[in-house]
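With chain A's structure known, arrange chain B on it following the hints.
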Amino acid sequence: MTIVEMRLYIANNAPNSVRAIANLEAICKEHLKDNFKLEIIDVLEYPLRALADGILVTPSLAKMSPSPAAKIVGNLSDKRSVLHALGIPEPVE
Amino acid sequence: MKPDLRVLDGNPRRPDAGPGLSAHILRLVKSAPERRAIASGQVDAVIDPATGKAFLLPAAQQALREDGASVRGLLALASDWRWEQDESHRFVSHTGAASGSSGVFDESIIGKTLRDPPFDTMSEADWRAHQRLLEWRAAFRDLELGCTDRAGGMRSVSISGEPVFDAQDRFKGYRGTMRDITLRKQSEALAQKPLRLACDTLDALAVQLCVLDSAGNVILANKPAGAFAAGSRGIGAVVPVGDNYLAACDKARGSERKDGVAIAAGVRQVIAGDSPLFRHEYVCNSPAGRCQYSLTVTAYPGDGAARVVVSRENVTERKRAERIPGNVTGHKVAEGGPIANSLLAALPAKDYQGLLAGFELVTLTYGEVLFEPGEPIRHVYFPNDSLVSLLTTIEGHEALEVGLVGREGMIGISLVLGMDVSSVRALVQGAGTAMRMNAARFRRQFRKSLPLQGELYRYAHAMLVQARQTAACNRFHEVQGRLARWLLMTHDRARSDQFLLTQKFLADMLGVRRAGVTKAAGSLQQRKLISYSRGKIRMLDRQGLEAASCGCYEAVKSHQ
Chain A
1 MTIVEMRLYI ANNAPNSVRA IANLEAICKE HLKDNFKLEI IDVLEYPLRA LADGILVTPS
61 LAKMSPSPAA KIVGNLSDKR SVLHALGIPE PVE
Chain B
1 MKPDLRVLDG NPRRPDAGPG LSAHILRLVK SAPERRAIAS GQVDAVIDPA TGKAFLLPAA
61 QQALREDGAS VRGLLALASD WRWEQDESHR FVSHTGAASG SSGVFDESII GKTLRDPPFD
121 TMSEADWRAH QRLLEWRAAF RDLELGCTDR AGGMRSVSIS GEPVFDAQDR FKGYRGTMRD
181 ITLRKQSEAL AQKPLRLACD TLDALAVQLC VLDSAGNVIL ANKPAGAFAA GSRGIGAVVP
241 VGDNYLAACD KARGSERKDG VAIAAGVRQV IAGDSPLFRH EYVCNSPAGR CQYSLTVTAY
301 PGDGAARVVV SRENVTERKR AERIPGNVTG HKVAEGGPIA NSLLAALPAK DYQGLLAGFE
361 LVTLTYGEVL FEPGEPIRHV YFPNDSLVSL LTTIEGHEAL EVGLVGREGM IGISLVLGMD
421 VSSVRALVQG AGTAMRMNAA RFRRQFRKSL PLQGELYRYA HAMLVQARQT AACNRFHEVQ
481 GRLARWLLMT HDRARSDQFL LTQKFLADML GVRRAGVTKA AGSLQQRKLI SYSRGKIRML
541 DRQGLEAASC GCYEAVKSHQ
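Chains A and B, in that order, are what the protein sequence lines are.
Here the first sequence is numbered in our numbering, starting from 1 and rising by one per residue.
Here the second sequence is numbered in our numbering, starting from 1 and rising by one per residue.
In isolation and in its complexed conformation, chain A is listed as follows (with noise of 0.2 Å):
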């Protein structure tokens, strides 16, 4: 299986960012166990690092790799669109 990578963009410990942590982590157990490598910044201490990469809201999801490139905006509750960002086909339920 293929490493997805992808870098969240947060602020601090603030509510919505501390919320896409968490919204994250648990597609990212429930979907793609170990293949993947996240990076967490925080725009506050390296907002450069976000305008690099074209973020300018947090907290948002980009996804690097594999491509194509990726972006979602939002606190990640959404869990449909955070699968279709990332390319991951959703389970039949």
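Calculated directly from the structure, the hints in this document are not laboratory data.
Be a bit skeptical, because a hint or two may be false.
Unchecked claim - Result set (DSS-like, lysine-lysine): computed pairs, CA atoms no more than 30 Å apart in a straight line:
1) B:K504 with B:K519
2) A:K71 with B:K223
3) B:K251 with A:K63
4) A:K63 with B:K30
5) A:K63 with A:K29
6) B:K112 with B:K30
7) A:K71 with B:K319
8) B:K223 with B:K258
9) A:K37 with A:K71
10) B:K258 with B:K319
11) A:K33 with A:K71
12) A:K79 with B:K319
13) B:K30 with B:K319
14) A:K71 with B:K30
15) B:K185 with B:K223
Said to hold, decoys possible - Covered stretches of chain A, going by a simulated chain B footprint (3 or more residues, C-beta under 8 Å):
16) 14-25
17) 46-54
18) 73-83
This structure is a prediction, so every number in the text was calculated from the model and none was measured.
We put the beta carbon where it would ideally sit given N, CA and C, even for glycine.
The following block gives chain B in isolation, referenced to the frame of chain A:
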């Protein structure tokens, strides 16, 4: 100052700093998904590309404030001293290791703002940006300032602060921390020197540069690119940092569509690694008028987010200069300097100027056929340094040369005599440039200009003499004398002692078999008049060659 916190979305628990902040955020954040996320309260912070800093939205600010007590304890460990300011941003207290009798500041700082001494070196723009944050009651982090310490030395400090509100949500001022970062700044300044040099160099380039990531987003642009971005549209515009270059190309419409598609395809190829380089030249409309650009896309060396570098140069001036006749051969025709073609050079300035607008400078390549017998003459040519043979073809035989035209003449002389169909094949046998004019325009100019008529009638007559003489010469004279004549004629017209000619070509020109040319050339070489090897003929002794040529050379020359 009255707090401008107010409720925007009907949720009384989420204060907002008012329309100023909302409008600013709308300016920064343009994409629909991001705006939706903001509207639904899912966003904590926004980054302002102008200042390169993130600021917390009010809801996140408040949440962080609520769990601020424990954070403050930690902050005390990470900072040198703490401070408090009143509603007008004046210091009301400061405590910590760096203050007091041994520290950076003493009590004299009380009552001062960050704009007053001992603080300094904040530019007007930085100050305005900071003030905006203060007006929005936003938290600020790591504001770096220069200041003068108690002993009069220069120091650097990093200041972070957050607004303080009372239980009724009334703004009471700011409080925060300050760190002495003098040592860090000094070492950074040293480390940044080469980087700054590199950045300044990029900004000083005349070329517009931008760096794209794998998705085609612009992640860096140099100053000329930034300066150009303002006020341009279409593919003439530079795509600003943060926008997608490919999307901008795809959006090109009308006459720019084709170039937009080509550029996008080229950029994609280089991003994908299919090609290391892509070049494209195009014309587009800019505020300064029609501009010609040369665009180059190269792969970005190294790993990381950056994938390709797009450089773009405005080549309008250079292209224009190339089009000015004579520039290529080193003569400034427009300024009345020497003109390469002798027919044109003989014209009075007024008549020449009249022709100039209709001329285009073209490059003729070796072996190119300008017209075939029976074809309409679409253009006339005045060679600068090119050489063109006029050939007559007879069915069943190789073509035979009946005229040679260089900078002394013109190709398309039949037009002067009222015929607009060529009777000969015009074959380029010496590459170079020529001035070309469309036949219809030439006829109009010809009718208007008596001096031009005079020159061209005289030249038509000279060509007639040349053809007659050549016909007789080919029939009666030895190959060696004819070859010498031909070489002399070529030498007069080309501006070089050396020509590239194969034996086959010479045989066709002179209407003889190859063996005949080999023998004649061998004989001239033996007499040290020419050297000949692998198609390269070099003239060694012009006078000797004149003596060896048949009398036809002199006869033709005397009529020119």
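Evaluated hints:
| no. | hint | verdict |
| --- | --- | --- |
| 1 | B:K504 with B:K519 | holds, 13 Å |
| 2 | A:K71 with B:K223 | holds, 28 Å |
| 3 | B:K251 with A:K63 | holds, 25 Å |
| 4 | A:K63 with B:K30 | holds, 20 Å |
| 5 | A:K63 with A:K29 | holds, 16 Å |
| 6 | B:K112 with B:K30 | violated, 39 Å |
| 7 | A:K71 with B:K319 | violated, 43 Å |
| 8 | B:K223 with B:K258 | holds, 28 Å |
| 9 | A:K37 with A:K71 | holds, 16 Å |
| 10 | B:K258 with B:K319 | holds, 21 Å |
| 11 | A:K33 with A:K71 | holds, 21 Å |
| 12 | A:K79 with B:K319 | violated, 56 Å |
| 13 | B:K30 with B:K319 | violated, 39 Å |
| 14 | A:K71 with B:K30 | holds, 15 Å |
| 15 | B:K185 with B:K223 | holds, 25 Å |
| 16 | 14-25 | holds (count 4) |
| 17 | 46-54 | holds (count 7) |
| 18 | 73-83 | holds (count 4) |
The structure fails hints 6, 7, 12, 13 (numbered hints given earlier, in ascending order).
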